[in-house]
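Here's the letter readout for the chains.
Number of protein chains: 2
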Amino acid sequence: MELLKERIRRDGKIKDGKIIKVDGFLNHQIDINLINEIGKEFKRLFNEEKITKIITIEASGIAIACLAAQYFNVPIVFAKKSESKNIDGDVYRTTVTSYTRGKDYTVILEKRYLTSDDRILIIDDILATGKAQLGLLDISEQAGATVAGIGIVIEKGFQGGGDKLRKAGYNVQSLAIIDSMENKTLKFR
Amino acid sequence: MELLKERIRRDGKIKDGKIIKVDGFLNHQIDINLINEIGKEFKRLFNEEKITKIITIEASGIAIACLAAQYFNVPIVFAKKSESKNIDGDVYRTTVTSYTRGKDYTVILEKRYLTSDDRILIIDDILATGKAQLGLLDISEQAGATVAGIGIVIEKGFQGGGDKLRKAGYNVQSLAIIDSMENKTLKFR
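These protein sequence lines map, in sequence, to chains A and B. The first sequence begins at 1 in the numbering used here and counts up one residue at a time. The second sequence begins at 190 in the numbering used here and counts up one residue at a time.
It is worth saying that the hints were derived from the structure and are not from the lab. Note that the structure is a prediction, hence the values are computed from the model and not measured. Just to be clear, a hint being listed does not mean it is correct.
Unchecked claim - Computed spacing ranges between beta-carbons, pair by pair:
| # | chain 1 | residue 1 | chain 2 | residue 2 | range |
| --- | --- | --- | --- | --- | --- |
| 1 | B | 282 | A | 189 | 33 to 41 Å |
| 2 | B | 191 | A | 189 | 47 to 55 Å |
| 3 | B | 372 | A | 16 | 54 to 62 Å |
| 4 | A | 45 | B | 207 | 38 to 46 Å |
| 5 | A | 141 | B | 191 | 37 to 45 Å |
| 6 | B | 278 | A | 164 | 27 to 35 Å |
| 7 | A | 98 | B | 203 | 28 to 36 Å |
| 8 | B | 294 | A | 144 | 30 to 38 Å |
| 9 | A | 163 | B | 233 | 21 to 29 Å |
| 10 | B | 282 | A | 16 | 19 to 27 Å |
| 11 | B | 278 | A | 98 | 16 to 24 Å |
| 12 | B | 278 | A | 180 | 33 to 41 Å |
| 13 | B | 222 | A | 98 | 29 to 37 Å |
As the list claims (entries may be wrong) - Here are the simulated lysine-lysine pairs, BS3-like style, with alpha carbons at most 30 Å apart:
| # | chain 1 | residue 1 | chain 2 | residue 2 |
| --- | --- | --- | --- | --- |
| 14 | A | 164 | A | 15 |
| 15 | B | 229 | A | 40 |
| 16 | B | 320 | A | 81 |
| 17 | B | 300 | A | 21 |
| 18 | A | 40 | B | 239 |
| 19 | B | 320 | A | 5 |
| 20 | B | 202 | A | 81 |
Note that CB positions come from ideal geometry on N, CA and C, so glycine has one too.
For reference, chain A alone in the conformation it holds in the complex (with noise of 0.2 Å):
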């Protein structure tokens, strides 16, 4: 996606080697138009898949999930990070490993929410060793629910998550995939 491109080129700032940061436009600051046209063009690479539900992750898969679910008029849901006072159904639960964080935590969404009657969409912002999406597999897994996409704003290709999630059968479309940020330089796939 060759608008999204640009604003990574123009706004995205390469921090150690791995790492780039995008919260100018996509997760800490989002620009609005820029998540639309993203939405949009999920729907386009999906258009053609029956999806009943878009499952998420929370904080920033939310916004990106939402705009796209527009076009999709599907319910998302999105997969929470600890406990609270309003859980109390049945849920299912996943561990996931944070890259950026450096640490584990347990991931859950309540069984009600989604079924083996669902052909979901799991969208999120980051795409990188993979582990985020494996946690969403794996509670979609556990709910019989068919994962008819994966759709992503940024993959990190070189960190190789995405290519092993094509491998394992995954529909994976990412909307940019950064093969490189050597010296600082991106380039893409």
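Using the hints provided, position chain B relative to the given structure of chain A.
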């Protein structure tokens, strides 16, 4: 907002006299069409306020803030609940006590994304004692931003947070105010 009150009556689940679960449509599973109507209603209520930015707190405020932001055509910024390798700038910090989670946590917002030039609308899903909103007001004060309004989907009027904010001079607009849930019966203001 009648559409919202009907939905709360139909799908809200009262627990323990003080907590109402609305996670079938508002803050776990999200009904995009309803949240879109909520976004339009916030635009109607704050239309004259020359909002430059919408501010919320992760995670459940993000969906509502994003769908509202489309109608205001402004960016959103969400305060984050924890540090990550992706935060490196100068940040505003504040402490919030979560009623539903029963603990204190720190939220941060990068200084570059909120300044004294901003006229902000604070948006959140639930207003109870007002702790989360006070955190965002503290951050706004640190930034020197002007708080043009506070838009809330569901205010639990019997917990007093909303009226305290109104007494302090803020323009608080809640789309549904629950004044009592005694005997599992909802009374709206």
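Hint check:
1. 282/B to 189/A: 33 to 41 Å: Because 38 Å falls inside the window, the suggested range holds.
2. 191/B to 189/A: 47 to 55 Å: holds, 50 Å
3. 372/B to 16/A: 54 to 62 Å: About 58 Å separates the Cβ atoms of residue 372/B and residue 16/A, which means 54 to 62 Å holds.
4. 45/A to 207/B: 38 to 46 Å: With a Cβ separation near 44 Å, residue 45/A and residue 207/B satisfy 38 to 46 Å, so the hint holds.
5. 141/A to 191/B: 37 to 45 Å: holds, 41 Å
6. 278/B to 164/A: 27 to 35 Å: holds, 32 Å
7. 98/A to 203/B: 28 to 36 Å: For residue 203/B against residue 98/A, whose Cβ atoms are near 35 Å apart, the range 28 to 36 Å holds.
8. 294/B to 144/A: 30 to 38 Å: holds, 34 Å
9. 163/A to 233/B: 21 to 29 Å: 47 Å Cβ-Cβ, so the 21 to 29 Å window is violated.
10. 282/B to 16/A: 19 to 27 Å: For residue 282/B and residue 16/A the Cβ distance comes to about 23 Å; the hint holds.
11. 278/B to 98/A: 16 to 24 Å: holds, 20 Å
12. 278/B to 180/A: 33 to 41 Å: For residue 278/B and residue 180/A the Cβ distance comes to about 25 Å; the hint is violated.
13. 222/B to 98/A: 29 to 37 Å: holds, 32 Å
14. 164/A to 15/A: Since the Cα atoms of residue 164/A and residue 15/A sit roughly 24 Å apart, the hinted pair holds (cutoff 30 Å).
15. 229/B to 40/A: holds, 20 Å
16. 320/B to 81/A: The given pair, whose Cα atoms are some 20 Å apart, holds under the 30 Å limit.
17. 300/B to 21/A: holds, 15 Å
18. 40/A to 239/B: Holds - the C-alpha atoms of residue 239/B and residue 40/A are around 28 Å apart, at most 30 Å.
19. 320/B to 5/A: Not OK: residue 320/B and residue 5/A at ~39 Å, beyond 30 Å, violated.
20. 202/B to 81/A: This hinted pair holds, its Cα atoms lying about 22 Å apart.
Hint violations for this structure: numbers 9, 12, 19, all remaining hints satisfied.
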